[in-house]
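So the protein lines, in turn, are chains A and B.
For the first sequence, numbering that gives the first Met the number 0 begins at 0 and goes up steadily by one.
For the second sequence, numbering that gives the first Met the number 0 begins at 0 and goes up steadily by one.
Hints should not be assumed to be uniformly reliable.
Since the list can't tell identical chains apart, any single copy or any two copies may satisfy a pair.
What the hints assert, rightly or not - In the DSSO-like style, the derived pairs of lysine-lysine whose C-alpha atoms are separated by at most 30 Å in a straight line are:
| hint | residue 1 | residue 2 |
| --- | --- | --- |
| 1 | Lys225 | Lys68 |
| 2 | Lys223 | Lys190 |
| 3 | Lys225 | Lys340 |
| 4 | Lys68 | Lys340 |
Derived from the structure by calculation, the hints contain no laboratory data.
Since the structure is predicted, the reported quantities are computational estimates derived from the model, not experimental observations.
There are 2 protein chains.
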Amino acid sequence: MTRITRRFLHARGLTQVGFLSATLLVGSLSAAGAQIADALPSWNDGASKRAIMEFVTRVTRQGGPDFVKPAERIATFDNDGTLWAEQPLYFQVLFALDRIKALAPQHPEWKDTEPFASLLRGDVKGALAGEHAAAQIIMATHSGMTTEEFETIVKDWLATARHPSTGRPYTEMVYQPMLELLAYLRANGFKTFIVSGGGVEFMRGFAETVYDIPPEQVIGSAGKQKFEMRTGKPALVKLPAVDFVDDKEGKPIAIQKIIGRRPIAAFGNSDGDLQMLQWTCEAEGRRFCLLVHHTDADREWAYDRASTIGRLDKGLDEAKSEGWTVVNIKSDWRQVFLPEKK
Amino acid sequence: MTRITRRFLHARGLTQVGFLSATLLVGSLSAAGAQIADALPSWNDGASKRAIMEFVTRVTRQGGPDFVKPAERIATFDNDGTLWAEQPLYFQVLFALDRIKALAPQHPEWKDTEPFASLLRGDVKGALAGEHAAAQIIMATHSGMTTEEFETIVKDWLATARHPSTGRPYTEMVYQPMLELLAYLRANGFKTFIVSGGGVEFMRGFAETVYDIPPEQVIGSAGKQKFEMRTGKPALVKLPAVDFVDDKEGKPIAIQKIIGRRPIAAFGNSDGDLQMLQWTCEAEGRRFCLLVHHTDADREWAYDRASTIGRLDKGLDEAKSEGWTVVNIKSDWRQVFLPEKK
C-alpha cells in the first residue's frame with residue numbers, strides 16, 4: 000500500500016479496516032471510478048467539487064460526446080502552492096539555505112562573499128535582496144555533485160528538515176484535497192504529471208512516495224549536466240548553469256517537448272501557470288482548468304495579487320473570463336493538511 | 000487491436016483466429032509473460048534470444064536475487080537502425096528532402112541558394128556535401144509552423160511516401176524481431192522508451208501506431224519553440240534553432256532529464272548509443288545491453304565500422320569487453336521485415 004493510499008484511506012476514516020479490505024476497497028475504487036459517491040472527501044460539496052466530478056464523468060463516459068481515450072487523458076499539476084504549500088518561501092529555497100549552512104565549513108570564502116555572508120549571519124532577507132542572489136544560492140547548492148549524490152542529499156534533507164512555521168516535515172505540508180484529486184483522476188484513467196517551476200531533480204526526491212507520481216512524470220526547471228567517467232564508471236554531474244526554466248511560457252513548451260500531447264486538464268495556483276492553463280483549455284473539446292486561490296490565513300496562508308511568492312493576479316482575471324474553476328481554500332476544502340501523526 | 004498487436008499475431012500465423020480469440024490470447028500473453036515459450040518467434044534460437052529471455056526471467060522473478068520492481072523496469076531503445084532501417088539515408092532526412100521539393104514553389108530564392116539549388120537539381124550527394132547543409136535542410140523543413148501543423152505534415156508524408164529501394168511505406172521498414180521484443184518487455188512489466196538522435200516530433204508521428212509507444216515515452220533531438228497567440232489561440236511555433244541533440248553523451252543526459260531513472264536495459268545499433276549503454280549497464284544490479292549489428296546485405300543492409308550512417312565501431316569493441324549482446328541479423332533474425340501485404 001503506497002503512502003498516498005494510506006493517506007487517502009486515513010482521510011476516509013478507513014485505517015482500521017485492515018490491509019486486505021483496504022486493498023479490496025482501492026481495487027473496487029479503481030474499477031468503479033466516477034461511480035463512487037465521494038472520492039473527494041476533503042472537498043466540501045460546492046461548485047468546485049461539482050465541476051471536477053462533472054468533467055471527469057463526461058470525458059470517461061464511453062460513447063458520450065465528450066469521451067476521451069485513456070491514452071489522451073493527460074492532467075498536469077503545478078507543484079508549489081498547488082500540491083504542497085509555498086510559504087513563507089518556496090521549500091526548495093529553504094532547502095538551499097539549509098545546504099549553504101551545511102556546506103559553509105568547506106567554503107571559508109563564503110564569510111566574505113555575498114549572498115553567502117549575509118545568509119550565514121542569519122540575514123535571509125538581506126541575502127535574497129541581491130539581483131542574482133537566489134540564482135547564486137541555487138547554483139552553489141545544486142551543482143558539483145552527481146545526480147545520484149544530489150538525490151541522496153534531497154532525500155536526507157526531507158527526512159529531517161522541518162517547516163519553519165508548523166514544525167512539520169515538508170512532505171506533510173501537502174494538500175490533502177489535491178492528493179485525493181490526483182488519486183481520483185488516476186482511478187479514472189488519467190495520467191498525472193507535475194509541471195512546475197521547481198527543480199525537477201528536487202521534486203523527484205519525494206514525488207513518487209508522496210504523490211504516487213513516478214520520476215518520468217515529473218517535469219520542472221533543470222540545470223545543465225555533463226556525462227563523464229568517474230573512477231571508471233559513467234556519471235552525470237550537475238553543472239552550475241541553467242538549462243531550462245519551467246515557468247510561464249516554459250510550461251506549455253515543456254509539456255510539448257516532454258509529453259508531446261496537449262493536456263485535457265491543468266491545475267495551478269499562480270500567474271506562472273497561466274500559459275499552461277491557456278494551452279490546456281483554449282482548445283477544442285472538453286477541457287478543465289483550475290486555480291487554487293489561497294484564501295485561508297487560519298489553516299494555511301492567504302495571498303494573491305500582491306504576493307511575491309505565488310502571485311495570482313492575471314490568472315484570477317482570466318479564470319473569470321474563461322470560466323475556469325477557482326478553488327477558494329477557505330470554503331472549498333474541508334481539510335487542508337492531514338492532522339499530525341501522534 | 001493495435002497495429003503492433005496485429006503484426007505480432009500475424010508473425011505467429013494467428014491472423015485467421017478471429018478477433019475474439021486473438022484478444023483473449025493477447026490477454027493471456029500479458030498475464031503469463033515470461034512463461035510463454037516463444038514470445039519472440041522472429042528470433043532464431045541462439046545466444047541472443049537466450050540472453051534476452053534469461054534477463055527478463057531473472058528481473059521479473061519475485062523473491063529472486065535480481066528482482067526489479069515494475070516501476071523500475073525502464074528499457075530504452077534507439078530508433079534509426081534499431082527499431083527501423085536507416086539506409087540509404089536516415090528516413091527523417093528523406094522526409095526533409097521531400098519537403099524541400101514540396102516547398103520549393105514558395106521559395107523561388109532556393110534556385111540560387113545552396114544546399115537547396117543542388118537538391119532541386121536532383122544532386123542529393125552534392126547538396127549534403129556542404130558543412131552545414133544537413134542543418135540548413137532540417138531547419139528549412141522543421142520550423143516556421145506550429146507543432147500541430149508539423150504533426151499533420153509528418154503523418155501525411157508517412158501515409159504516402161515510399162522507401163527508395165524497397166518501395167514500401169517507411170512504417171513497414173520496422174524490424175519485426177524488435178517489435179516482438181518491445182511487446183515482450185511490456186508484457187513483463189517494462190516501460191519502453193525511445194531515446195533517439197531523430198527528431199522527437201518526427202518520431203511521435205508514428206511511434207504510437209507502429210511501436211505502441213505513446214508520445215510521452217519518445218525522447219529525441221529537438222528544436223526550440225515559442226509560445227504565442229495566433230488568431231487568439233495559444234500556439235507553439237517551431238523555431239529554426241537547435242534545442243537539444245539526443246546523441247552520444249546527450250542520450251544519458253536526456254534519460255536523466257526526462258525519465259529521471261536509470262534504465263535496466265538499453266538497445267542500440269551505433270556508436271551514438273554507446274554512452275546510453277554505458278549508463279545503463281555499467282552500474283549495480285542485473286542489467287541488459289544489446290547492439291543490433293547490421294550483417295545482412297541480402298535481407299537488409301550490411302554496414303558497421305566504416306559506415307557514415309549508423310557507424311558501429313567503438314561499440315563493437317566495448318560490447319566484447321563488457322559482455323553486451325550483439326545481434327547478428329543474418330543468423331539471429333528469422334525474419335527482418337514482415338512480408339508485404341498483398
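(request) Using 30 Å as the alpha carbon limit, work out where Lys225 and Lys68 are close: within a copy, between copies, both or neither. (result) Between copies only: 28 Å across, 39 Å inside.
(request) Up to 30 Å between alpha-carbons, please classify Lys225 paired with Lys340: within, between, both or neither. (result) neither (42 Å within a copy, 46 Å between copies)
(message) Reference check for the pair Lys223 and Lys190, CA-CA at most 30 Å: within, between, both, or neither?
(response) both (27 Å within a copy, 26 Å between copies)
(message) Please sort Lys68 with Lys340 into within, between, both or neither, judging by C-alpha distance up to 30 Å.
(response) between (40 Å within a copy, 29 Å between copies)
The structure fails hint 3 only (numbered hints given earlier).
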